[in-house]
Amino acid sequence: MKNLKRILCLALCLMLTLACVPAMAAGSTKIGVLVADATGAEALAFRAYYEKYIANAYDVEFIYSEELNTADGEKNAIDNFIVNNCKAIISFSSVDRPAQIEQCDAAGIYYAVATGTLTDEEYEEFKDYEYYVGAIGPSLNTEFQVGYDMAAYYIDQGMTKFGIFGGAVPYRTDMHIYRAASMLSAMIDKGGEGAAYQGVTDPGAVIGMIYGSGSIETGKIGNLELAAYVGGYDFDDAWFGKLAQMAGTEGIEAILTVGSGVDVLGSFVAGSSVKLATVDSFTSAMGEAMNSGIIDYVAGKFATSIGPIFVATLNAVNGQPIRNEEGYALALDQGYWVAANAEQFAQYYAVDSSEENPAYSKDILDAYAPAGVSYEDFAAFVAQYSFDEIVALKK
Amino acid sequence: MEQEARKALDVIHADHIQPGIPTALLDLQERKLVEVAKVMVKKPEILVVDENTTALSQKGRELLYQLMDSLKKEGKAVIFISHDLDEIKQVCDTLTVLRDGRIITHFSKENYDDDAIKTSMIGREMQGDYYRADKEPTWQEKVLLQADHLTGSGLQDVSLKIRAGEILGVGGLSECGMHTLGKALFGGAMLTGGTVKTEGKAYSDPRQATRLGVGYVSKERDTESLCQQASIRDNIAIGGLRHIQKKKLILKRRETAYVQKQVDALSIKCRHMEQPVSAMSGGNKQKVVFGKWLGAGSRVLILDCPTRGVDIGVKQSMYQLITKMKNEGKAILIISEEMAELIGMCDRLLVMKDGALQKEFLRGQMNEADIIRCMI
Amino acid sequence: MGKQTWKERVPAFASVLGLLVLIAAYYIVGAVRDANVAYGLKAIVNQSVVVALVATGAVFIYTLGSFDISLGAATGVSALLGAMAYNATGSLAVMFLVCVGVAVALGFINSSLASIFNLPIFVTTVAMMSVLSAFMLILIGWNGAGDTIKVKGRDMRPLDNIPFKVVILVLYIALCWFVFTLLPTGREAKFIGGNPVCARLSGINEKKLGIIASLISAVGIGLGAFLTIIYAPTLTKDTASSIGMDVIIAIVFGGMPVSGGPRSRILSAVVGAFSMGFMTQIMSMLNLGSGYGQMIKAAIFLLVVFIALGSQRGKLLTR
Numbered sequence: 001m002k003n004l005k006r007i008l009c010l011a012l013c014l015m016l017t018l019a020c021v022p023a024m025a026a027g028s029t030k031i032g033v034l035v036a037d038a039t040g041a042e043a044l045a046f047r048a049y050y051e052k053y054i055a056n057a058y059d060v061e062f063i064y065s066e067e068l069n070t071a072d073g074e075k076n077a078i079d080n081f082i083v084n085n086c087k088a089i090i091s092f093s094s095v096d097r098p099a100q101i102e103q104c105d106a107a108g109i110y111y112a113v114a115t116g117t118l119t120d121e122e123y124e125e126f127k128d129y130e131y132y133v134g135a136i137g138p139s140l141n142t143e144f145q146v147g148y149d150m151a152a153y154y155i156d157q158g159m160t161k162f163g164i165f166g167g168a169v170p171y172r173t174d175m176h177i178y179r180a181a182s183m184l185s186a187m188i189d190k191g192g193e194g195a196a197y198q199g200v201t202d203p204g205a206v207i208g209m210i211y212g213s214g215s216i217e218t219g220k221i222g223n224l225e226l227a228a229y230v231g232g233y234d235f236d237d238a239w240f241g242k243l244a245q246m247a248g249t250e251g252i253e254a255i256l257t258v259g260s261g262v263d264v265l266g267s268f269v270a271g272s273s274v275k276l277a278t279v280d281s282f283t284s285a286m287g288e289a290m291n292s293g294i295i296d297y298v299a300g301k302f303a304t305s306i307g308p309i310f311v312a313t314l315n316a317v318n319g320q321p322i323r324n325e326e327g328y329a330l331a332l333d334q335g336y337w338v339a340a341n342a343e344q345f346a347q348y349y350a351v352d353s354s355e356e357n358p359a360y361s362k363d364i365l366d367a368y369a370p371a372g373v374s375y376e377d378f379a380a381f382v383a384q385y386s387f388d389e390i391v392a393l394k395k
Numbered sequence: 001m002e003q004e005a006r007k008a009l010d011v012i013h014a015d016h017i018q019p020g021i022p023t024a025l026l027d028l029q030e031r032k033l034v035e036v037a038k039v040m041v042k043k044p045e046i047l048v049v050d051e052n053t054t055a056l057s058q059k060g061r062e063l064l065y066q067l068m069d070s071l072k073k074e075g076k077a078v079i080f081i082s083h084d085l086d087e088i089k090q091v092c093d094t095l096t097v098l099r100d101g102r103i104i105t106h107f108s109k110e111n112y113d114d115d116a117i118k119t120s121m122i123g124r125e126m127q128g129d130y131y132r133a134d135k136e137p138t139w140q141e142k143v144l145l146q147a148d149h150l151t152g153s154g155l156q157d158v159s160l161k162i163r164a165g166e167i168l169g170v171g172g173l174s175e176c177g178m179h180t181l182g183k184a185l186f187g188g189a190m191l192t193g194g195t196v197k198t199e200g201k202a203y204s205d206p207r208q209a210t211r212l213g214v215g216y217v218s219k220e221r222d223t224e225s226l227c228q229q230a231s232i233r234d235n236i237a238i239g240g241l242r243h244i245q246k247k248k249l250i251l252k253r254r255e256t257a258y259v260q261k262q263v264d265a266l267s268i269k270c271r272h273m274e275q276p277v278s279a280m281s282g283g284n285k286q287k288v289v290f291g292k293w294l295g296a297g298s299r300v301l302i303l304d305c306p307t308r309g310v311d312i313g314v315k316q317s318m319y320q321l322i323t324k325m326k327n328e329g330k331a332i333l334i335i336s337e338e339m340a341e342l343i344g345m346c347d348r349l350l351v352m353k354d355g356a357l358q359k360e361f362l363r364g365q366m367n368e369a370d371i372i373r374c375m376i
Numbered sequence: 001m002g003k004q005t006w007k008e009r010v011p012a013f014a015s016v017l018g019l020l021v022l023i024a025a026y027y028i029v030g031a032v033r034d035a036n037v038a039y040g041l042k043a044i045v046n047q048s049v050v051v052a053l054v055a056t057g058a059v060f061i062y063t064l065g066s067f068d069i070s071l072g073a074a075t076g077v078s079a080l081l082g083a084m085a086y087n088a089t090g091s092l093a094v095m096f097l098v099c100v101g102v103a104v105a106l107g108f109i110n111s112s113l114a115s116i117f118n119l120p121i122f123v124t125t126v127a128m129m130s131v132l133s134a135f136m137l138i139l140i141g142w143n144g145a146g147d148t149i150k151v152k153g154r155d156m157r158p159l160d161n162i163p164f165k166v167v168i169l170v171l172y173i174a175l176c177w178f179v180f181t182l183l184p185t186g187r188e189a190k191f192i193g194g195n196p197v198c199a200r201l202s203g204i205n206e207k208k209l210g211i212i213a214s215l216i217s218a219v220g221i222g223l224g225a226f227l228t229i230i231y232a233p234t235l236t237k238d239t240a241s242s243i244g245m246d247v248i249i250a251i252v253f254g255g256m257p258v259s260g261g262p263r264s265r266i267l268s269a270v271v272g273a274f275s276m277g278f279m280t281q282i283m284s285m286l287n288l289g290s291g292y293g294q295m296i297k298a299a300i301f302l303l304v305v306f307i308a309l310g311s312q313r314g315k316l317l318t319r
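Residue numbers (my numbering), protein chains in the order written: chain A, 1 to 395; chain B, 1 to 376; chain C, 1 to 319.
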């Protein structure tokens, strides 16, 4: 018994010592990364890009948080980054961005938003904060467009009966509400004479109704029909039952999802004729889903789309933050790639999936990484996010 | 599986136990018999029986003795560990006495001598009387406990009184209801009728009973009288917190003094009072239980099988203690399956059968044969 | 009569020794990694204080041999209602009273249900957890401001400081220690946890103790909710969701058996909560991936508990 305790103690000390060794060798610039999702395909792809490519290319060390879903979790994670002497934080977590910005500003470390944006009010409040780098990600307009284009794609093919998976709509998440509202707006616009959702046609009013109720009503929208709706992420038997019921709705032709389409509905539509469309990411898992026919349409971020925000952050850390002509922080829109079939997906994915030569490679980023890049040049660079533009950049 | 279990139970002639019943629903005796059957499935060459018979009624003991006898006839060996001299003398061919982890001496059946055995067990000659020295019943006038028409949980309209300075015994066969009676007198049994009072004040649950000065030593010492993980200090102090409190606060010094007093008075053998009671011998555990109620100043004590699983030396000291408590004017109820104990200690003895009181015997007029006749 | 040997005392102090070792390891690793250890201490207090508060109160419930699985949900509801009260009145005092009052009310409901229906407290808390989690969603929906309820961070800033939080923690621990150690409540609760049958037959009122334990625990929940709002003024449906599990880990890490009983100690909770805090900070400084960090935490946890629970059986008593 005594010996066992001694052995356990020694093993623990050895583990801690070994763990220290690589740490002692580190001397790179440390950047903290706040994540809301640590295990999804998109999150893993982002992380692989930063840790396996960017870290080596730019001599930076990324320190990742645990999966965050509360404001105090975000605050704790930022505290941990400060303890670790991180020079900057790139945030994928959005529970309380204002608090994150304030905390970083107070600690004198730079803060950047990846794959997202601040609201207009938030931007007005923080745009001149010294340590706020800015945001590069889909604006709410872009989110609206992605849902609209998705619904329009299927309506233009002659489909009339749809289902919508609303995701975080019940939790009043802006991104999902805008995507869902835009799907309804597409149906209103293309539903023919008198098409309306619950009597309204204005997109703003549709958004407002969804915010108010936290849900979407099924029914006719002109000559189109929203036959089924499921929202939330309950992950209980009743919720799965509703998803199964939606997939099995008689006559349903396509299910439009604001996100997580493969995870929540893949098994229910597999082998059926129901088309499943989703907003997700360009990862190998999504490619498999498209090849197997589970997913028919994906609008997604590509894994290296977070390259520009890293560059902006690095510039700030090096003492040359990129500010617009008024001296304010970045607020740049970055949209999605859209693939409507497996071949198109494969073509897009091939451009971005290489760990040796990703879409936003060091060669491309270096044009904007040194000090002195202008806001206009940088904004123009970020705006070239479509597949064709990326291919052109790489040539 | 049930067939095999049935066979195993038949080997020990426990026909009344059904193999399909969960053991949690069996009483302690039946569970003991199931344990024995389990062991016998392995057809042992040497069977070790360690203090099992204290939990068994006469019938259960007979079953075990039969089994031991049949093993002996098959040329196998039995090591029988017990405190009960009568039992040892009845079933054992040889006796080895241990004390403090050492072998003291051996006896063969023809050399069995009670005094010699007792002396070698406790390491000294037993001084004084084993039971009470006096032969006449004595008690004071004041009634300290009165139970009227207790009915329910197997009790059939039981009424009794215990006076100050009296030792009242209750005896009977194992299932006669006497253990339930003990609980009921402490407010711990579900009754459909009847009242229990102490000094004119009625109570119906253990909390009220303890506040009114009634103490209860359960037959199931380890599961009902003691908290095994707790220390000697905690087990003794818990009964008398209101005596230890000063201005509602429990101060460690007062608690230590309170517990130390009981430890000294009862000669509880321990290294220190923080010792968990689980590490103690049966006799010392029982002393801790006594200490809990004596420290609380209980004027009425209900003792259910108080010397079960306790060696002879400690038994004697307990009888002396009970006699001392009687002399101090406490009312004591002893519930026991040991005839000698009841006859040796009680002023009055009530015999129970099928939940009802059958007959009362006075000290000096207690005849074992008459008593047994009432029990059956 | 003799006294306990140092070997017999070690299990009682193993968790404190473990905390001291973790503190030493924190400074060593911090020095090697050139980390901001002073800031880290602040972070540890901020990250541990709510768990320490809730866990200290929960010790009373766990001591009874019971279990409260609704601690996180109760903290969340108390915090949401406290935040809504602040938004309605602008008063921190009102926010405090609502946080504690709601928590106490929930504790009273839990214990009353257990008492009336003669159920173990654990069973009623399972039901309460579901009800409260749903109620949090309803509250957020009522608020009509997206998926959060917020109070102005600037208004909370005067109280978002270490001395204030430490004072609240120390005062609450002192109260709990007083009740647990100097009043009969603690002894009776330990006895119930150790052997409820014996406790009943020793005259202890189990139902009354259950209610007292729930109310004391509820005060800790209310204080935890108050500090949660101050620390992170944006509240979501997941606010405080991990507290239930964190409390169990803290209590066990602090050397108290989760089954309660006589070996329960009021300080186990705060020792365990801060041990977890230091350990998390050490893992963070070492930048261990989530998997490695969790494995090492688990190994240290097992080691501390292994030593703390120790062996209860001493040498056989001589006659």
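Keep in mind that the hints were calculated from the coordinates and are not lab data.
Some hints could be false.
Claimed, not checked - Taking lysine-lysine pairs in the DSSO-like style, the calculated list, with each CA pair at most 27 Å apart, reads:
#1 B:Lys-197 / C:Lys-207
#2 C:Lys-208 / B:Lys-247
#3 B:Lys-118 / B:Lys-142
#4 C:Lys-150 / A:Lys-127
#5 B:Lys-261 / B:Lys-246
#6 C:Lys-297 / B:Lys-201
#7 B:Lys-73 / B:Lys-7
#8 A:Lys-30 / C:Lys-42
#9 B:Lys-247 / C:Lys-207
#10 B:Lys-247 / B:Lys-269
#11 C:Lys-42 / A:Lys-87
#12 C:Lys-208 / B:Lys-252
#13 C:Lys-208 / B:Lys-197
#14 C:Lys-208 / A:Lys-30
#15 A:Lys-127 / A:Lys-220
#16 B:Lys-248 / C:Lys-152
#17 B:Lys-72 / B:Lys-42
#18 A:Lys-362 / A:Lys-52
#19 B:Lys-32 / B:Lys-59
#20 C:Lys-152 / A:Lys-127
#21 C:Lys-207 / B:Lys-246
#22 B:Lys-89 / B:Lys-76
#23 B:Lys-248 / C:Lys-207
#24 B:Lys-246 / C:Lys-208
#25 A:Lys-52 / A:Lys-394
#26 B:Lys-359 / B:Lys-142
Said to hold, decoys possible - Simulated restraints, written as ranges between beta carbons of each label pair:
#27 B:Glu-4 / C:Trp-177: 55 to 63 Å
#28 C:Phe-13 / A:Asp-105: 42 to 50 Å
#29 C:Thr-89 / A:Asn-291: 55 to 63 Å
#30 C:Ala-127 / A:Lys-394: 54 to 62 Å
#31 A:Gly-271 / C:Pro-120: 26 to 34 Å
#32 C:Val-94 / A:Glu-288: 28 to 36 Å
#33 A:Glu-51 / C:Trp-177: 43 to 51 Å
#34 B:Gly-20 / C:Phe-306: 36 to 44 Å
Stated by the list, open to error - Now the stretches of chain A that chain C is said to cover, found in silico as 3 or more residues with beta-carbon under 8 Å:
#35 75-82
#36 97-104
#37 171-178
Where is the CB? At the ideal position from N, CA and C, for every residue including glycine.
Going down the list of hints, with the structure as the test:
no., hint, result
1, B:Lys-197 / C:Lys-207, "holds (24 Å)"
2, C:Lys-208 / B:Lys-247, "holds (21 Å)"
3, B:Lys-118 / B:Lys-142, "violated (38 Å)"
4, C:Lys-150 / A:Lys-127, "holds (21 Å)"
5, B:Lys-261 / B:Lys-246, "holds (18 Å)"
6, C:Lys-297 / B:Lys-201, "violated (59 Å)"
7, B:Lys-73 / B:Lys-7, "holds (20 Å)"
8, A:Lys-30 / C:Lys-42, "holds (21 Å)"
9, B:Lys-247 / C:Lys-207, "holds (24 Å)"
10, B:Lys-247 / B:Lys-269, "violated (32 Å)"
11, C:Lys-42 / A:Lys-87, "holds (19 Å)"
12, C:Lys-208 / B:Lys-252, "holds (24 Å)"
13, C:Lys-208 / B:Lys-197, "holds (24 Å)"
14, C:Lys-208 / A:Lys-30, "violated (55 Å)"
15, A:Lys-127 / A:Lys-220, "violated (44 Å)"
16, B:Lys-248 / C:Lys-152, "violated (45 Å)"
17, B:Lys-72 / B:Lys-42, "holds (16 Å)"
18, A:Lys-362 / A:Lys-52, "holds (12 Å)"
19, B:Lys-32 / B:Lys-59, "holds (13 Å)"
20, C:Lys-152 / A:Lys-127, "holds (19 Å)"
21, C:Lys-207 / B:Lys-246, "holds (25 Å)"
22, B:Lys-89 / B:Lys-76, "holds (19 Å)"
23, B:Lys-248 / C:Lys-207, "holds (20 Å)"
24, B:Lys-246 / C:Lys-208, "holds (22 Å)"
25, A:Lys-52 / A:Lys-394, "holds (20 Å)"
26, B:Lys-359 / B:Lys-142, "holds (23 Å)"
27, B:Glu-4 / C:Trp-177: 55 to 63 Å, "holds (56 Å)"
28, C:Phe-13 / A:Asp-105: 42 to 50 Å, "holds (43 Å)"
29, C:Thr-89 / A:Asn-291: 55 to 63 Å, "holds (58 Å)"
30, C:Ala-127 / A:Lys-394: 54 to 62 Å, "holds (59 Å)"
31, A:Gly-271 / C:Pro-120: 26 to 34 Å, "violated (47 Å)"
32, C:Val-94 / A:Glu-288: 28 to 36 Å, "violated (55 Å)"
33, A:Glu-51 / C:Trp-177: 43 to 51 Å, "holds (47 Å)"
34, B:Gly-20 / C:Phe-306: 36 to 44 Å, "holds (40 Å)"
35, 75-82, "holds (count 5)"
36, 97-104, "holds (count 3)"
37, 171-178, "holds (count 4)"
Taken one by one, the earlier hints fail for this structure at numbers 3, 6, 10, 14, 15, 16, 31 and 32, listed in ascending order.
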